[in-house]
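Colleague: Single-letter residue listing:
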Amino acid sequence: MGTIYECGASGRKGTSLPPLGRSEEEILSFIPEGLRRKAPPWLPEVSQPELVRHYTRLSRMNYGVDTGFYPLGSCTMKYNPKLHEELARLPGFSGLHPLLPEEEVQGALGVLWELSEYLKGIAGMPGVTLQPAAGAHGELTGMLLFKRYFEDREELEKRVKILLPDSAHGTNPASATMAGFKVVSIPSDARGMVDLAALKAALGEDVAGIMLTVPNTLGIFEEDILEITRLVHEAGGLCYFDGANLNAYLGRARPGDMGADVFHFNLHKTFSTPHGGGGPGAGPLAVSEPLVPYLPLPQIVRQGNRYALDWDRPKSIGRVHPYFGNFLVMVKALAYILLLGDEGLREVSNGAVLAANYLKERLKKTYKLPHDRLCKHEFVLSGEGLGEGIRTLDIAKRLIDYGFHPPTIYFPLIVKEALMIEPTETEPKEVLDAFCQAMEEIAQEAQKSPELLKEAPHRAPVRRLDEARAVRQPILRESPA
Amino acid sequence: MTEYIPHTPEDIEEMLSAIGLKSLEALFSDIPEEVRRRYRPLGLPRGDEEKVRRHLEGLAKRSTGRGLIPFLGGGIYDHFVPAVVNYVISLPGFYTAYTPYQPEVSQGTLTWMFEYQTMICELTGMEVANSSMYDGATALAEAALMAHRTVGGRRVLVPRSLNPQVREVLATYAWGAGLELLDVPYSEEGKLALEGVPEGLCALVVQQPNFFGVIEDLSGLKERIGKAFLIVYVNPIALGVLEPPGAFGADVVVGEGQVLGNPMGFGGPLLGIFATRGEHLRRMPGRLAGRTMDAEGRPGYVMAFQTREQHIRRERATSNICTNSALCALAATVYLAALGPEGLRRVALLSIERAHDLASRIKMLPGYELAFSRPFFNEFAVRCAAPEEAVARLREAGIAVLPPGLVAKAGLDGAFLVAVTEKRTEEELSRFVEALKGEGYGDDL
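These protein sequences, in sequence, are chains A and B.
Here the working numbering is used: the first residue of the first sequence is 1, the next is one more, and so on.
Here the working numbering is used: the first residue of the second sequence is 1001, the next is one more, and so on.
Among these hints, one or two may not hold up.
What the simulated footprint calls covered on chain B by chain A, stretch by stretch (three residues with Cβ under 8 angstroms from a Cβ of chain A suffice, anywhere in the stretch; the number is not a length) [said to hold, decoys possible]: (1) 1047-1060; (2) 1064-1071; (3) 1116-1125; (4) 1332-1344; (5) 1382-1390.
Keep in mind that the hints were calculated from the coordinates and are not lab data.
All C-beta atoms, glycine included, are put in the ideal place defined by N, C-alpha and C.
Bound-form chain A, shown alone:
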């Protein structure tokens, strides 16, 4: 697979710039000689047509939501509305410098304020910060809020532990650790929910709080959620809710009503902003009343008809973003909420949960379903027992041949050979049916011609790639020939 470095020829260029007003030597004389670059960086030299063809070719080797069904569990790969892309490119948004005085950026502050208000309403919680740039950044910010809260109450010395169900996203333990907490794992019970007895045993004066994913990564709603948050609060702890799975109950329930103290949104999941091949996203937080004083600086407030920045918050943890967060992503999320309205928000969770349960009921006839109960926006199958030597990885790769993006695999860790499937609300029933048919045919192939699976994919731009080799013989950059 050729890189851009293999295109072009010396002296070609992909864009034009104005000429210098004087000689290079004269301009370079402004820089002390020892600090001047001795050799130019090795960069491609390509004409514009070559550049466009190269990247168009690369883009066609990618699977995207605009290409087809992308049932990646816990990632909420829903359709990205095209209106949003136009709005985010309006010069009044994209061309705005973040350090302009607040009276010059009233419209942008208006976007932040309106989005904050809607997110407060959706979460049912009184405070919001829009600064976190991604879900994990929101988690870290949430853990820092916990830390400041206990510091303020002079309890930080003893409250050192964060409880984490064993089904948690990997970012949760990593975020808690970055904020200086110790992680204690809480097992799931046979229902796939938090084991209440284990939770009670773990709670004590050394616990700062719990990080919950609701619904959890099995796609199961914690039926004891009110009991869980009550127990944690009684023990003096706080409750963090990972909101990656908000698509499951948008417009129907609010984390604030379940006892959440901090809740993070993934605007790039629930609110349809594109994933961009891995980012940028946005991970705003909503917080309960006791945590409002600690929110990052500044807060956006409305005074009559104008918006202002409130810096007078002495208990704040400070900044977690140099400006206001991923603003252009927020523009898209605000447009999404405004288009949907209350009715539309509810249609999202209706559609997402309906599609997930429909797939689950059909696929459980062919695949092992470890937790057979009502699911929310996603569910987890096991690839075990499909055929001699057949692994979930083989099923995933074979799905590529059928024209689908594979589900999330080998997560959550508590299900062997996990296949985590999240259809979202934006897929037509015909697509869901075609996916089921593909999964059923793959199960038959696993019996009759298992090599079709083991050698898959057959119809992708490349065959199965050797991931171990990339570590054994690391090549992490192009080198001049």
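Based on the hints, put chain B in the right spot on chain A.
Modeller: Quick look at chain B alone, frame taken from chain A:
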């Protein structure tokens, strides 16, 4: 029904019946009744495309700052973005894809990640670069955490001449991780004035060029701090003409990559650059693309060294980062490919030239002087008796600069900061000078 959700009443009926349920409500029976009962809607009616567009366009127009000429920098700069950049990042195969966990259907993303890593290594003079962090500020904070993990010690030397916004983010992370930030002053000329090296040091941070635009001399710094990390926070455009930090023994080079093909965007999304030396590979945060082979021996790309990352290593991961700034890194890749080595150098030289043109004309005005005498890149601090008044006069002329209040956060009083990119025209430079002259100086023209 919204245009994004395709389920007809018949579809819903059929799917419910396949599940064995009678109503959509029944799909939510596992949420405690008490919780569902407490739900309150937003009171927001359904919108339509035109209505939403009008509303957002109204807000976009309401920011008067969009019409000002940005001689405003302080970390975010108004550089030229070739049209081809936006074209490429709008290709659906790129922007509607997820993280490339399934490499066989993600070769497009993995290939440009590999290209990006190469370009960042070349710019910074380092051996390995990750495929992006959220922004320069969190990249710096993560570099400090990595320094602590690698060499021990909890103290980080931080220049007073570091961008104050970036410093605030670093301070929040440092507090979270129990690191202590110690100030390094700057000299009267505006350059880093490193005096002693304290016990328990894990890193020295240097910004190149610094917040005031002054070009720092990096030579000899690494030798002075021993095993502690030399972390250099760069403006990557400046590296088109400045010797890369790798040549001065830097352990980590981080920086704000917004300037590489990304809009100012009211400060986000941004692009965190992160590059280090090969020996630190397994301790670095973030995703890496690596070249390998497929089952038929053809070259291809995968995510490499994922065992450092949170989804595998959990609480022992090198960082919690997952979602990053991929599409902004793609913009940077296309930007650098479009410019090539000559174009990048030209952007840097034009920025220097125009900044120095403007600075020399401001210096000639009575009552105005440059705050520092050291060589600068494309940004400089201007001192005068009434800086607020000068900024107001510039505003009258439709020009924005970094006001004294924000400059004072880095310890410099009575000055405003001026940034000049290749986009600023001769006419705009003249307008700037005219505005500063104001009344009573007209005769000098």
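Colleague: Compare the structure with each hint and give your call.
Modeller: Structure-based check of each hint:
1. 1047-1060: n = 12 at 8 angstroms, threshold three: holds.
2. 1064-1071: Result for this restraint: holds, n = 5.
3. 1116-1125: holds (count 6)
4. 1332-1344: Result for this restraint: holds, n = 11.
5. 1382-1390: The restraint on the region 1382-1390 of chain B is violated, since only 0 of its residues have a Cβ under 8 angstroms from chain A and three are required.
Hint compliance for this structure: hint 5 is the single one not met.
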